[in-house]
Amino acid sequence: MQRTRRTVISTIAAGLIAGTLAMPISASALTLGFAQVGAESEWRTANTGSIKDAAKAAGITLKFSDAQQKQENQIKAIRSFIAQKVDVIAFAPVVTTGWDTVLAEAKKAKIPVVLTDRSIETKDPSLYVTMIGSDFTEEGRNAAQWLLQNYKGQGDVNIVELQGTVGSAPAIERKKGFEEVIKSEPRFKITRSQTGDFTRAKGKEVMEAFLKTDKNIQVLFAHNDDMAIGAIQAIEAAGIKPGKDIIIVSIDAVKGAFEAMMAGKLNVSVECNPLLGPQLMEIVKDVKAGKQFPKRINTKEGIFPMETAAKEFPSRKY
Amino acid sequence: MKATLLKLTRSHLFWPCVTLVLLCLVNVHFNPGFFNIEIKDGHLYGSVIDILNRAAPLMLIAMGMTLVIATRGIDISVGATVAIAGAVAASLIGGSLVIKEGVQTYVSNTPMPLAFAAALFVALLCGLWNGLLVAGAGMQPIVATLILMVAGRGVAQLITEGQIVTVYYEPFFFIGNGFIFGIPVSLYIVAAVLGVLLLLTQRTALGLFIESVGINPVASRFSGISARALVFWVYAFCSVTAGIAALIITSNVKSADANNAGLLLELDAILAVALGGTSLAGGRFYLIGTLVGALIIQTLTYAIYSLGVPPEINMVVKAIVVFGVCIIQSPALRDLLLKHALRSGGPA
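Protein sequences appear in the order of chains A and B.
For the first sequence, our numbering gives the first residue as 446, with consecutive numbering after it.
For the second sequence, our numbering gives the first residue as 20, with consecutive numbering after it.
Keep in mind that a hint or two might mislead.
[Unchecked claim] Derived SDA-like pairs: lysine to any residue, alpha-carbon spacing no greater than 25 Å straight-line:
1) A:501 with A:529
2) A:689 with B:62
3) B:59 with A:681
4) A:552 with A:727
5) A:660 with B:327
6) A:515 with A:474
7) A:700 with B:176
8) A:515 with B:332
9) A:508 with B:173
10) A:597 with A:688
11) A:740 with A:571
12) A:660 with B:197
13) B:59 with A:684
14) A:686 with A:727
15) A:597 with A:620
16) A:689 with B:298
17) A:568 with A:517
18) A:521 with A:475
19) A:628 with B:328
20) A:686 with B:57
21) A:628 with A:612
22) A:501 with B:176
23) A:634 with B:332
24) B:337 with B:54
25) A:597 with A:753
26) A:686 with B:201
27) A:660 with A:681
28) A:736 with A:751
29) A:501 with B:173
30) A:620 with B:176
31) A:736 with A:564
Please keep in mind that the hints were generated in silico from the structure rather than gathered at the bench.
All chains, please: the whole structure from these sequences, using the hints.
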């Protein structure tokens with residue numbers, strides 16, 4: 446007990462010393478305050494990793510905050526970045542609305558704001574410089590298109606949907622894009638839709654309930670891979686074959702999804718590229734240099750059906 | 020007849036059970052197969068089994084919470100304890116997916132019993148910390164446990180290095196997904212903990228001690244009960260139940276998620292205790308009532324999924340039902356209604 450306590454104290458002390466030593470070296474460099482959503486999924490973890498690595502590589506001092514999926518935490522983090530007078534603030538908004546006040550504060554402090562991977566709703570677009578990230582609506586469309594082209598069965602197709610966090614941009618836009626495309630084929634219908642909060646546990650719990658109430662499910666559309674992975678566990682427990690009896694379409698293309706695809710349990714995952722760290726650091730430098738940007742910069746993304754999984758897997762970074 | 024009915028409605032289990040039955044009826048209405056139980060792959064399969072299995076972690080924690088609340092305390096750190104214990108278990112077992120000539124095999128990093136012991140030990144430490152603050156330092160329970168509630172997820176994040184730790188080790192999946200004689204393993208765990216608790220609180224004086232500390236700590240101390248030690252160990256026990264729940268939760272989804280595991284579980288646990296008829300002011304406690312309370316919560320969640328409630332208003336629906344349940348269980352309101360009913364129905 447005594448020894449562990451001493452180790453803890455010395456570790457903290459060492460950390461503090463290291464921290465103060467590191468300060469003067471990076472003082473001249475750019476400082477980026479980044480308010481992350483949380484670590485709700487493998488995708489997010491890869492996203493965080495990419496930003497941390499890219500900042501280090503670009504010589505940008507990164508102040509990183511994890512909001513644990515709560516808007517109030519993100520607002521607090523942004524306020525503290527403003528107080529610390531960072532050079533640029535970047536954040537991935539948890540939800541789309543409610544940012545005007547805090548962004549106006551940043552604008553008043555003349556700190557440029559870059560949004561990453563999720564957009565916001567605001568009447569004043571001058572509140573942020575640009576948004577870099579994936580086009581969620583397009584991902585929803587891609588998922589639906591793959592389904593329309595590759596679904597082999599006849600007759601009505603009942604689709605159940607596992608939505609992301611209520612009110613979040615990916616949930617709203619993926620749903621929108623998906624519905625937009627399947628509307629062209631009346632036999633494809635979303636029969637049930639419920640939120641799984643982007644997590645495995647909720648995805649599994651909701652899918653369990655769906656399977657008990659509804660015996661007539663042909664397709665599962667999950668707004669992210671983690672929910673799909675949870676749902677696959679529920680489908681297997683019900684004695685149904687995921688990927689065969691129920692076609693599963695999901696978005697993100699994280700490692701876990703590739704493992705599921707190689708096992709034949711997931712049919713397709715539409716990529717949502719989280720590795721936007723390097724691109725973000727370029728933008729941070731350019732913003733500071735006063736360059737102009739379009740309001741939206743899209744990342745490059747692919748579609749990975751089950752058949753290509755084994756070939757792609759070794760080269761996947763997340 | 021009227022006397023027995025009145026006696027029945029006076030039982031602390033009556034109203035929780037009525038609520039549970041009502042919720043089940045709602046479920047049956049929207050999902051006629053609600054009570055169907057089939058045998059699939061040699062185990063029981065059906066909505067009721069799902070609810071029981073899903074409610075197991077909540078039931079465990081709520082039992083620990085019942086004792087804490089009976090001593091006039093509260094423990095809002097159980098959700099964080101779940102995250103910590105889950106993180107410990109998952110990172111120790113960890114395991115990896117090795118693909119050898121196209122065959123997927125799983126290996127574990129630490130022997131599983133050791134990982135379990137470590138996770139439960141860490142949970143116990145969390146409880147000892149809470150107990151120390153409440154019983155030792157005399158802090159207000161809600162403030163004392165708030166510390167761990169806030170810090171705990173950070174600790175869990177440190178353990179998992181901010182990642183979701185996926186477990187690739189088949190035997191670990193058993194306690195959250197497995198079945199013994201067709202019944203989910205988690206239910207045996209609940210039954211075992213319940214059995215031990217009932218034995219301890221009803222066959223020994225322990226239950227009486229806990230209640231007396233809750234009703235009047237000073238008087239119980241004067242009558243020779245070491246109230247502080249008792250409170251201390253009650254908090255320790257509550258955290259251990261959270262640790263056991265963490266093992267079930269982590270095993271069930273085969274991964275530990277420091278941010279989301281056990282999120283807001285403390286509120287559900289407190290609600291389960293309250294629905295079960297235990298007063299938050301301490302004193303008398305009802306373990307079986309608490310279990311019914313936990314089942315009410317899970318059945319309600321299940322109803323929301325199968326009803327097709329739009330996800331945007333899930334929480335509102337839940338809140339309205341909980342409000343209704345609390346109103347039904349309020350003795351003051353019930354007496355008022357009863358009086359009214361007797362008066363209008365009296366002459367006829």
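Here's how the hints hold up against the structure:
1. A:501 with A:529: 20 Å, holds
2. A:689 with B:62: 23 Å, holds
3. B:59 with A:681: 11 Å, holds
4. A:552 with A:727: Distance of about 21 Å is within 25 Å: holds.
5. A:660 with B:327: 15 Å, holds
6. A:515 with A:474: Distance ~30 Å between residue 515 of chain A and residue 474 of chain A Cα, so the pair is violated.
7. A:700 with B:176: With Cα atoms ~21 Å apart, residue 700 of chain A and residue 176 of chain B stay inside 25 Å; holds.
8. A:515 with B:332: Status holds; Cα separation ~18 Å.
9. A:508 with B:173: 17 Å, holds
10. A:597 with A:688: Answer holds: residue 597 of chain A to residue 688 of chain A is near 13 Å, not above 25 Å.
11. A:740 with A:571: Roughly 10 Å separates the two Cα atoms, so the pair holds.
12. A:660 with B:197: 23 Å, holds
13. B:59 with A:684: 7 Å, holds
14. A:686 with A:727: Violated - the C-alpha atoms of residue 727 of chain A and residue 686 of chain A are around 45 Å apart, more than 25 Å.
15. A:597 with A:620: 23 Å, holds
16. A:689 with B:298: 51 Å, violated
17. A:568 with A:517: Judged against 25 Å, a Cα distance of about 21 Å means the pair holds.
18. A:521 with A:475: 21 Å, holds
19. A:628 with B:328: Holds, because 22 Å separates the two Cα atoms, which is no more than 25 Å.
20. A:686 with B:57: 18 Å, holds
21. A:628 with A:612: 22 Å, holds
22. A:501 with B:176: 21 Å, holds
23. A:634 with B:332: It holds: about 22 Å lies between the C-alpha atoms, which stays within 25 Å.
24. B:337 with B:54: 22 Å, holds
25. A:597 with A:753: With Cα atoms ~19 Å apart, residue 597 of chain A and residue 753 of chain A stay inside 25 Å; holds.
26. A:686 with B:201: 21 Å, holds
27. A:660 with A:681: 14 Å, holds
28. A:736 with A:751: Outside the cut-off at roughly 42 Å; violated.
29. A:501 with B:173: Holds, at roughly 23 Å.
30. A:620 with B:176: Between residue 620 of chain A and residue 176 of chain B the Cα gap is close to 31 Å, so the pair fails against 25 Å, i.e. violated.
31. A:736 with A:564: 21 Å, holds
Hint compliance for this structure: hints 6, 14, 16, 28, 30 are broken, all remaining hints hold.
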